[in-house]
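Student: The lines below spell out each chain.
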Amino acid sequence: MSFGLEFKKVKRTGFMLAFLSGGVLAAIVPILNMLVRSENYVGFDDSPVQILMNANWQMMSMLNILLVVASACLVYHIEYTDNAIQRMCTLPIKESKIFFGKVALMAVMCLVILLMEAAALAFCSYYWFELSTDIWMEVIKSFAYALLLIFPAVLCSLVIASACRNMWVSLGVGVVCVFIATMIPTKNFILSLFPFALPFQILSGTTENILRNYMIAAVIEILILGIVEVLFLKVRRSFE
Amino acid sequence: MNFLSLLGIEFKKIRRSKILFILNIATIILWLPSVFNADLNFQMQAEGISPESNFLIQGLMGMAWFMFPASMVVCTVLLNMRERSNKGILKMLALPINTAKLCLAKFIVLLSLGAFQILMTITMYFISAVVVSQTQNYNFILQPFFVFKEAALIFASAIPMLALFWLLSVCFQTPIFSIGIGLASIVPSVLMINTKLWFAYPMAYPFFVITAEYGRLASNLTTAQVELFPWIPVAIGITLLCLFISCLRFGKFERR
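Read top to bottom, the protein sequences are chains A and B. Residue numbering for the first sequence follows the working numbering, starting at 1 and increasing by one per position. Residue numbering for the second sequence follows the working numbering, starting at 1001 and increasing by one per position.
Source of the hints: derived by calculation from the structure; they are not laboratory data. Don't take each hint at face value.
Distance condition first, Cα-Cα at most 20 Å in a straight line; then the derived SDA-like pairs of lysine to any residue [claimed, not checked]:
no.: 1; chain 1: A; residue 1: K8; chain 2: B; residue 2: T1174
no.: 2; chain 1: B; residue 1: K1018; chain 2: A; residue 2: Y80
no.: 3; chain 1: B; residue 1: K1018; chain 2: A; residue 2: C177
no.: 4; chain 1: A; residue 1: K9; chain 2: A; residue 2: V24
no.: 5; chain 1: B; residue 1: K1087; chain 2: A; residue 2: I85
no.: 6; chain 1: A; residue 1: K11; chain 2: B; residue 2: F1036
no.: 7; chain 1: B; residue 1: K1013; chain 2: A; residue 2: D82
no.: 8; chain 1: B; residue 1: K1013; chain 2: A; residue 2: T81
no.: 9; chain 1: A; residue 1: K8; chain 2: B; residue 2: F1177
no.: 10; chain 1: B; residue 1: K1087; chain 2: A; residue 2: T13
no.: 11; chain 1: B; residue 1: K1087; chain 2: A; residue 2: R165
no.: 12; chain 1: B; residue 1: K1087; chain 2: A; residue 2: K187
no.: 13; chain 1: A; residue 1: K187; chain 2: B; residue 2: F1036
no.: 14; chain 1: A; residue 1: K9; chain 2: B; residue 2: T1174
no.: 15; chain 1: A; residue 1: K187; chain 2: B; residue 2: N1037
no.: 16; chain 1: A; residue 1: K9; chain 2: B; residue 2: S1085
no.: 17; chain 1: B; residue 1: K1196; chain 2: A; residue 2: R37
no.: 18; chain 1: A; residue 1: K11; chain 2: B; residue 2: T1174
no.: 19; chain 1: B; residue 1: K1087; chain 2: A; residue 2: D82
no.: 20; chain 1: B; residue 1: K1091; chain 2: A; residue 2: T81
no.: 21; chain 1: A; residue 1: K11; chain 2: B; residue 2: Q1173
no.: 22; chain 1: B; residue 1: K1013; chain 2: A; residue 2: R165
no.: 23; chain 1: B; residue 1: K1018; chain 2: A; residue 2: N166
no.: 24; chain 1: A; residue 1: K9; chain 2: B; residue 2: F1177
no.: 25; chain 1: B; residue 1: K1196; chain 2: A; residue 2: V36
no.: 26; chain 1: B; residue 1: K1013; chain 2: A; residue 2: C164
no.: 27; chain 1: B; residue 1: K1087; chain 2: A; residue 2: S21
no.: 28; chain 1: B; residue 1: K1087; chain 2: A; residue 2: A84
no.: 29; chain 1: A; residue 1: K9; chain 2: B; residue 2: Q1173
no.: 30; chain 1: B; residue 1: K1087; chain 2: A; residue 2: N166
no.: 31; chain 1: B; residue 1: K1149; chain 2: B; residue 2: L1104
no.: 32; chain 1: B; residue 1: K1196; chain 2: A; residue 2: L32
no.: 33; chain 1: B; residue 1: K1018; chain 2: A; residue 2: A84
no.: 34; chain 1: A; residue 1: K187; chain 2: B; residue 2: K1149
no.: 35; chain 1: B; residue 1: K1013; chain 2: A; residue 2: N166
no.: 36; chain 1: B; residue 1: K1087; chain 2: A; residue 2: V36
For reference, chain A alone in the conformation it holds in the complex (with noise of 0.2 Å):
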């Protein structure tokens, strides 16, 4: 149910518009890429989701990352404005569940504009490299891996605006994270482990050992913030 509600609350807000015009200007941004400078990246060994990852990731994981925190200001905003929260308060609901209501629909978006990232991104290999057939699957398993990344900062930032009543200080308290984000070297392990810094991390020319540890870490943090969160709420509502 929460699901639905959700997803009905965000209808007149923009917020699909958002995604998707997010998710085109960040698939755009490869394709630009190769149609101004092709010949800096055709004709060398790697293969060629590395190349093009390796060439656009950094500016796409940034933009998805400012539409993750955008978003997630967005719907508590509708919530905090004209006291709406209160009334969900009053409901025979869990507010925990309003949470992971909101959580599951900034999964599918992100899943979304991660899907036309990628559509955008095998483009690019079939048109300007040659295609073999195991093409497919280090795309899929690419956006698969950012997919999963991604998720820390979709809770870290949810979990900032649910904190914070005023629009502006869960962005500023986002943008914040993600200026530190952009600091952090991506070869540093511990450092990246940042939940804003983790969406910069690419699949392709990662060693294994590395990409494990990665997706255990991806995992802990987000059982961590799920946690963090319920017992913010049960906090809060103590104190209210």
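Given the coordinates of chain A, assemble chain B onto it according to the supplied hints.
Tutor: Positioned in the frame of chain A, the structure of chain B alone reads:
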């Protein structure tokens, strides 16, 4: 009501918004990596730039490329939400005040928040320069006049960008679009400064100016230099156009 008292009221409105705290946190975080990796500044001497100038310029580049524009987007959200939540704007529009004046007063508040953040960045620079001078046994502190000149350059070049962000927040009623377009427009500025059309993209101005300064200070490095024509006329044109349209559009949605 004269413009100054209107401005005073606008400043009062954002008094308890915690925005200064957020702007401050961002400036503190900006200088932390520079303090921890201070020894890297000595390696940059190969580019022909002195370590102390490198320390300042690297920090300012970090600020101009993402932190400063993104913080300003947050500030436009603040200025808008303050009025729209609890329908404060309706009360303001009911008063016998020129809406264009109200709009400009809010823009001046935005400019002051921008100036505040740049000033805080400079303050944090001096503090971190003192700390680094102690840890590295090398004088990292530059002439205050030079530092303030760089800061003023960034601020002046950011005015067209701020006018554009302000226009976005006035024109879009749904906050996600003004925030989304604002934040998304910052990302390609790194690419735009390398093209010939950089002067048509206000979001890239502060970063372009500071990168040009970097090229000027590092004798072995050539970066594109600022050419005043056609930049200045275009920048003034964009600023005036954005302010004009936002003054026209301000409060239109509420008065339907």
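Student: If a hint holds in the structure, say so; if it doesn't, say that too.
Tutor: Right, here's what the structure says about each hint:
1. K8(A) - T1174(B): 16 Å, holds
2. K1018(B) - Y80(A): Holds - the C-alpha atoms of Y80(A) and K1018(B) are around 17 Å apart, at most 20 Å.
3. K1018(B) - C177(A): At roughly 17 Å apart (the allowed maximum being 20 Å), C177(A) and K1018(B) satisfy the hint.
4. K9(A) - V24(A): Not OK: K9(A) and V24(A) at ~23 Å, beyond 20 Å, violated.
5. K1087(B) - I85(A): 18 Å, holds
6. K11(A) - F1036(B): 46 Å, violated
7. K1013(B) - D82(A): 19 Å, holds
8. K1013(B) - T81(A): Measuring from Cα to Cα gives roughly 18 Å; hence the hint holds.
9. K8(A) - F1177(B): Satisfied, since the Cα-Cα distance of roughly 19 Å is no more than 20 Å.
10. K1087(B) - T13(A): Holds, at roughly 18 Å.
11. K1087(B) - R165(A): 17 Å, holds
12. K1087(B) - K187(A): 48 Å, violated
13. K187(A) - F1036(B): 17 Å, holds
14. K9(A) - T1174(B): 14 Å, holds
15. K187(A) - N1037(B): OK: K187(A) and N1037(B) at ~16 Å, within 20 Å.
16. K9(A) - S1085(B): Roughly 18 Å separates the two Cα atoms, so the pair holds.
17. K1196(B) - R37(A): The given pair, whose Cα atoms are some 16 Å apart, holds under the 20 Å limit.
18. K11(A) - T1174(B): At roughly 12 Å apart (the allowed maximum being 20 Å), T1174(B) and K11(A) satisfy the hint.
19. K1087(B) - D82(A): Holds - the C-alpha atoms of D82(A) and K1087(B) are around 10 Å apart, at most 20 Å.
20. K1091(B) - T81(A): Cα-Cα ~18 Å, so holds.
21. K11(A) - Q1173(B): Answer holds: K11(A) to Q1173(B) is near 15 Å, not above 20 Å.
22. K1013(B) - R165(A): Between K1013(B) and R165(A) the Cα gap is close to 17 Å, so the pair holds against 20 Å.
23. K1018(B) - N166(A): 10 Å, holds
24. K9(A) - F1177(B): Between K9(A) and F1177(B) the Cα gap is close to 17 Å, so the pair holds against 20 Å.
25. K1196(B) - V36(A): 14 Å, holds
26. K1013(B) - C164(A): 19 Å, holds
27. K1087(B) - S21(A): Cα-Cα ~30 Å, so violated.
28. K1087(B) - A84(A): 15 Å, holds
29. K9(A) - Q1173(B): Distance of about 17 Å is within 20 Å: holds.
30. K1087(B) - N166(A): Roughly 15 Å separates the two Cα atoms, so the pair holds.
31. K1149(B) - L1104(B): Distance of about 26 Å is beyond 20 Å: violated.
32. K1196(B) - L32(A): 17 Å, holds
33. K1018(B) - A84(A): 23 Å, violated
34. K187(A) - K1149(B): Status violated; Cα separation ~36 Å.
35. K1013(B) - N166(A): 14 Å, holds
36. K1087(B) - V36(A): Outside the cut-off at roughly 48 Å; violated.
Checked against the numbered hints given earlier, this structure breaks hints 4, 6, 12, 27, 31, 33, 34 and 36; the rest are met.
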